[in-house]
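Enquirer: Residue numbers (the UniProt record's numbering), protein chains in the order written: chain U, 1 to 333; chain G, 1 to 333; chain S, 1 to 333; chain Y, 1 to 333.
Keep in mind the hints are simulated off the structure, nothing from the lab. One or more of the hints may lead you astray.
Under the rule of at most 25 Å between Cα atoms (straight-line distance), these lysine-lysine pairs were calculated in the PhoX-like manner [claimed, not checked]:
1) 208(Y) - 255(U)
2) 288(S) - 327(G)
3) 255(S) - 43(G)
4) 288(S) - 157(S)
To spell it out: a stretch of chain U is covered by chain G in this simulated footprint if at least three of its residues, at any positions, have a beta carbon under 8 Å from a beta carbon of chain G; those stretches are [to be verified]:
5) 165-174
6) 185-195
7) 207-215
8) 219-231
Stretch by stretch, here's where chain Y covers chain S in the computed footprint (C-beta under 8 Å, at least three residues) [said to hold, decoys possible]:
9) 13-23
10) 149-158
11) 164-173
12) 233-243
13) 273-284
14) 289-299
Just so it is clear, CB atoms sit at the ideal spot from N, CA and C, and this is done for glycine as well.
Chain by chain, the residues:
Number of protein chains: 4
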Amino acid sequence: MAASIKAGIVGGAGYAGGELLRLLLLHPNVELAFVQSRSQAGKPVYAAHPDLLGETELAFCADAAIPVDVLFLCAGHGEAAKFLAENEVPTETKIIDLSQDFRWHEGTSGDTVDASGRSFVYGLPELQREQIQQAQYIANPGCFATGIQLALLPLAKQSLLTSDVHVSGITGSTGAGQSLSATSHFSWRTENVSTYKVMEHQHLREIKRSLLYLQPEGQSDIHFIPYRGPFARGIFITAYLQSGLSLEEAQALYKSYYGGHPFTIISDQNPDLKQVVNTNKCVLYLQKHGSMLVITSLIDNLLKGAAGQAVQNMNLVFGLEETTGLKLKATAF
Amino acid sequence: MAASIKAGIVGGAGYAGGELLRLLLLHPNVELAFVQSRSQAGKPVYAAHPDLLGETELAFCADAAIPVDVLFLCAGHGEAAKFLAENEVPTETKIIDLSQDFRWHEGTSGDTVDASGRSFVYGLPELQREQIQQAQYIANPGCFATGIQLALLPLAKQSLLTSDVHVSGITGSTGAGQSLSATSHFSWRTENVSTYKVMEHQHLREIKRSLLYLQPEGQSDIHFIPYRGPFARGIFITAYLQSGLSLEEAQALYKSYYGGHPFTIISDQNPDLKQVVNTNKCVLYLQKHGSMLVITSLIDNLLKGAAGQAVQNMNLVFGLEETTGLKLKATAF
Amino acid sequence: MAASIKAGIVGGAGYAGGELLRLLLLHPNVELAFVQSRSQAGKPVYAAHPDLLGETELAFCADAAIPVDVLFLCAGHGEAAKFLAENEVPTETKIIDLSQDFRWHEGTSGDTVDASGRSFVYGLPELQREQIQQAQYIANPGCFATGIQLALLPLAKQSLLTSDVHVSGITGSTGAGQSLSATSHFSWRTENVSTYKVMEHQHLREIKRSLLYLQPEGQSDIHFIPYRGPFARGIFITAYLQSGLSLEEAQALYKSYYGGHPFTIISDQNPDLKQVVNTNKCVLYLQKHGSMLVITSLIDNLLKGAAGQAVQNMNLVFGLEETTGLKLKATAF
Amino acid sequence: MAASIKAGIVGGAGYAGGELLRLLLLHPNVELAFVQSRSQAGKPVYAAHPDLLGETELAFCADAAIPVDVLFLCAGHGEAAKFLAENEVPTETKIIDLSQDFRWHEGTSGDTVDASGRSFVYGLPELQREQIQQAQYIANPGCFATGIQLALLPLAKQSLLTSDVHVSGITGSTGAGQSLSATSHFSWRTENVSTYKVMEHQHLREIKRSLLYLQPEGQSDIHFIPYRGPFARGIFITAYLQSGLSLEEAQALYKSYYGGHPFTIISDQNPDLKQVVNTNKCVLYLQKHGSMLVITSLIDNLLKGAAGQAVQNMNLVFGLEETTGLKLKATAF
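Excised from the complex, chain U in its bound form (with noise of 0.2 Å):
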């Protein structure tokens, strides 16, 4: 087995840290150093997050100075850049922040230079691997934007997104995070739907940057009506605009895009969100009708749009497989 790696995790007491703490503690390479929490110091973890009972003793500590070989900084929007800000971390320590902090974004010619130097590398393993895996930085994308973008990287590659892309997405509770408010009461969104930032979701920023990225000239809009529905894990994605591949041909430029992709996966059947939840993997499906080529992309928001891309982008940025620590078993149902 390869020497441990020393994790520390920065707001652990959230819903991403709770994650990253379930897959940290079964990671075969990971050791974890420390896990902080403000509002938590000084608690056993299991006191934020009971399902870890009997799974560690480790207490939430208030601050990070232990070192570490890295450091996953789940702390929120804007938290992120201040940790950074008000904190020494030693050159040596590799950083993967969860937040939307260092992520690139429409508008900007590269990666996100932080105020000590540090560049960091927009981290979606399915678009640039290769940067991800010499990166000493990591920017971990959005869920809605890692869920559109899988939808879409094949045909940017191609330079074949020529016509406005119509997308809509449901997402489930946990997308907003463990704070109270009226709409992520129970007794409100139970058996409820409703829309928020229609067409002004921030995660396209950094959707339209990465498209750009692949295809340089010619595209065209997105439009996308994000909606909040009544569960609690996962993002159902679906994307269309007119394409003059036929269904093979699309089928077979995304079979072979993400040939080398384990997370990455085409189903040739009309799929259900349940398949993702409680894995890392992504799940696509072609249809085409009249011109319309149709994308639907299924995670789940806290996996492989947020915590297990993080450890993803950990495993390519330690030079491990991929997939270590995170063949999960599905929760089905």
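Here the structure of chain U is known, so what remains is to put chains G, S and Y in place on it, guided by the hints.
Expert: Chains G, S and Y in isolation, oriented as in the chain U frame:
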């Protein structure tokens, strides 16, 4: 109080039949003469609809021989035409059919005429209330068809459907009826999402016919992604298209169009599905993003999308106040 | 039509207040004079209860100065007593309080008298309808208290509660109100179960007082396991005890006891919770297993367990038919 | 790594078979030789279990002729006995049956012996791990039976079950398998609760046999109210009885009893069901209220209540570490 309308239901054991029963039992102008069901004949109606225990001692009968003023057909697609072919219905009896058998549809020039020469008026009051008031035979619209049309009618009326319309919609499980299937199994459907009949939903045929009726020329295509959601009641629809209208102009147009229609309401706030659950209402909400006009449309598929609209049509046909028996307490949670 | 009853609601922005609004807006004998809410003062009621959009133009007011015939207090536990201490209420105004502040309870010999000398009658019509009809001030029972009492009253009336009673009950999320908490978060509650206040639920105090009222001697203990369930509305209760009654005798006893009570119904079939959701009904079901008599009791916690029962009490206090405004279409699904 | 165990599954298209597949595909010491299913023969396993797309290319076979080291029977109640009567199984093949066909039960003096003379050991490791380690044939316990026994074993071991035990338990929909029925229909089950087999659940027979094994004399009765809940996975059980133990004594007793058992954990906090969902764990929680000792017991019905426990038994039978292949990431949400 007005003289009582004698009503009969054919196919009363299913979801739509049950909802109709619930409504008619509470309707001040209706006397329920019989409820027919082949599968439940002889059993009390609460055997199939246990919430009606204590509400009525009525039992299902095997055939529909009793003379009535109005006959509701809830027999299912194909079964309604079959029933009318095999049974004599007195000419003075009004018929309201909830199946798709007699709905008008794309490719025809008007109302559907059955084998006996009955001409069925398409029963969407917000489209053609006057025709319904004069009608003897009504074809009640489909649920998705109702929601999507109510989102688009004001634009068609002004011949403003001039670019492609992109629609996504999520339906609850009652939309698929009470038949048992893999996708109606609780273990499968809870916390799950899937699509079905992508771009090919059968309701598009009646929708297109209605829009053509209002706007005979220059229409563009409708693209429709229907989703199955993990909830029982309701349909949540989002439609968008390029539009030269400002938000204020669009709101004024919709408020004007629906001004005299008591069940269709324009919201100034972003709505959620449970606002309409267990009511006969349609809530519409308008947004403008760049050149896109986005219309949200919510209905309860079993009420405004089926049994409630059937009662609304009955009220119109018999000259009653349109809202009689349809002022319902929303479930809200 | 009878002359209108002018009604006011104090604390109208919460769940019980909202349900009361929905009921009173449709009640044929009620004119809603005001709805007070400190947090929502000045806003239209549909800002807090969006399903009421299009139903009323009423706005929340900041204080409850308008003279009314009946005042409903939905202010919450402790807040009702505080409101009455701080506000002058004309002596001719009837008061119906939905909090626990004035409910009778174990250890007292009768009705609760407040600081101003008002004597509150415990408002369970199936227990003491005559006293309610004569009352000026009503303390509306708790939700679990209503369901459990309705399961046991006929036995207590015959002094047949002679062995320990074992009760389990599952409540939906609306039972805990709209305040945000870890256990009301959708991500936590969906697909989840937990217990709370095991053996110590506060409603046991009023239950025991009522049972003692009917059966002053020889009672045994009540053991109660309350569960939180992953649904929004309703309470499902199972109670059992040793009983010498045969099933037929027990059924006869219950049918006789509830014969004149329109909302409490004895089912001959194994019932499910949704039979009562969005209605003011209580469905009871009896089984005998060996020497154990098992009683199932179902109510909608917000209606028969709160706002519906409050309207039922109002009807009784004002001499109206008990069911006026309470014949509600069940949601059923 | 230890030499591989060749495993076969009979009846692999159902829920338990699917879970077993998910576990065995990830088990480091198992090579899956075949998965049999009459209904799905010839199809890839992901046709029945779509989450396994990309995980295996295995297809269902029609019969179970291939020689294996261990045969898992997931054929259903009655079908297991039938399979063994109709098929030759080599004597050196271990058999783990998930049906109730060979479980011991009240009224018998020991293990169940089948028609071919095979003696099946009741496979509850926390009851009799040594016997399982020596066994050739295992009868895997029922789901409710597992949860209830784990709540009571430490008391029985000390002959402390001396007063009636009152049990209520709520099960998710997967407990009833994948067959379609009125109570498995999503429209019915969502937001609903009901009871079934009140006081007569068939698992009581095996529970009573186990308790008698530990405490041969002086037992009292078990009263059990099983509920159907609106969720897919898990069982939540509450049991209580009169007990002379203090809370501390009870906690010490349970911690001592389960000290060497890795999957059964005593919580000091009030737990919720999702702590164990998608794990092989049982979480127990103790409370003392007056003279009542209250025990909460939570398991995932498909894992510790079925397929997970079957793998645990396989590990014991083959001399592997008990937790091999069973360290699972909880779903948590």
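Enquirer: All hints, please: hold or fail.
Expert: Hint by hint, here is what the structure shows:
Between residue 208(Y) and residue 255(U) the alpha-carbon distance is near 56 Å, which puts this suggested pair outside the 25 Å criterion. Between residue 288(S) and residue 327(G) the CA atoms are separated by roughly 42 Å; this puts the pair beyond 25 Å, and the hint is violated. With a C-alpha separation of about 22 Å, the suggested pairing of residue 255(S) with residue 43(G) holds against the 25 Å cut-off. For a cut-off of 25 Å, the pair hint linking residue 288(S) to residue 157(S) stands: about 20 Å separates their Cα positions.
For the region 165-174 of chain U, the stated coverage by chain G is satisfied: 4 residues place a CB nearer than 8 Å to a CB of that chain, which reaches the threshold of 3. A stretch counts as covered by a chain when three or more of its residues have a beta carbon under 8 Å from one of that chain; for the region 185-195 of chain U and chain G the count is 8, and the coverage holds. Check on the region 207-215 of chain U: 0 of its residues sit with their Cβ under 8 Å from a Cβ of chain G, so the three-residue criterion for coverage is violated. Residue count for the region 219-231 of chain U with a Cβ under 8 Å from a Cβ of chain G: 6. That meets the three needed, and the coverage hint holds.
Figure legend: the region 13-23 of chain S, annotated as covered by chain Y; annotation inconsistent (0 residues with Cβ-Cβ distances under 8 Å, at least 3 required). With 0 residues carrying a beta carbon less than 8 Å from a beta carbon of chain Y, the region 149-158 of chain S misses the three-residue requirement, and the given coverage is violated. Counting residues of the region 164-173 of chain S whose CB lies closer than 8 Å to any CB of chain Y gives 4, so the stated coverage by that chain holds, three being the minimum. Counting residues of the region 233-243 of chain S whose beta carbon lies closer than 8 Å to any beta carbon of chain Y gives 5, which meets the minimum of three for the stated coverage.
Coverage of the region 273-284 of chain S by chain Y holds. Counting CB-CB distances below 8 Å, 3 residues qualify, and the rule asks for three or more. Given as covered by chain Y, the region 289-299 of chain S passes the check, having 5 residues with a CB less than 8 Å from a CB of that chain where 3 are the minimum.
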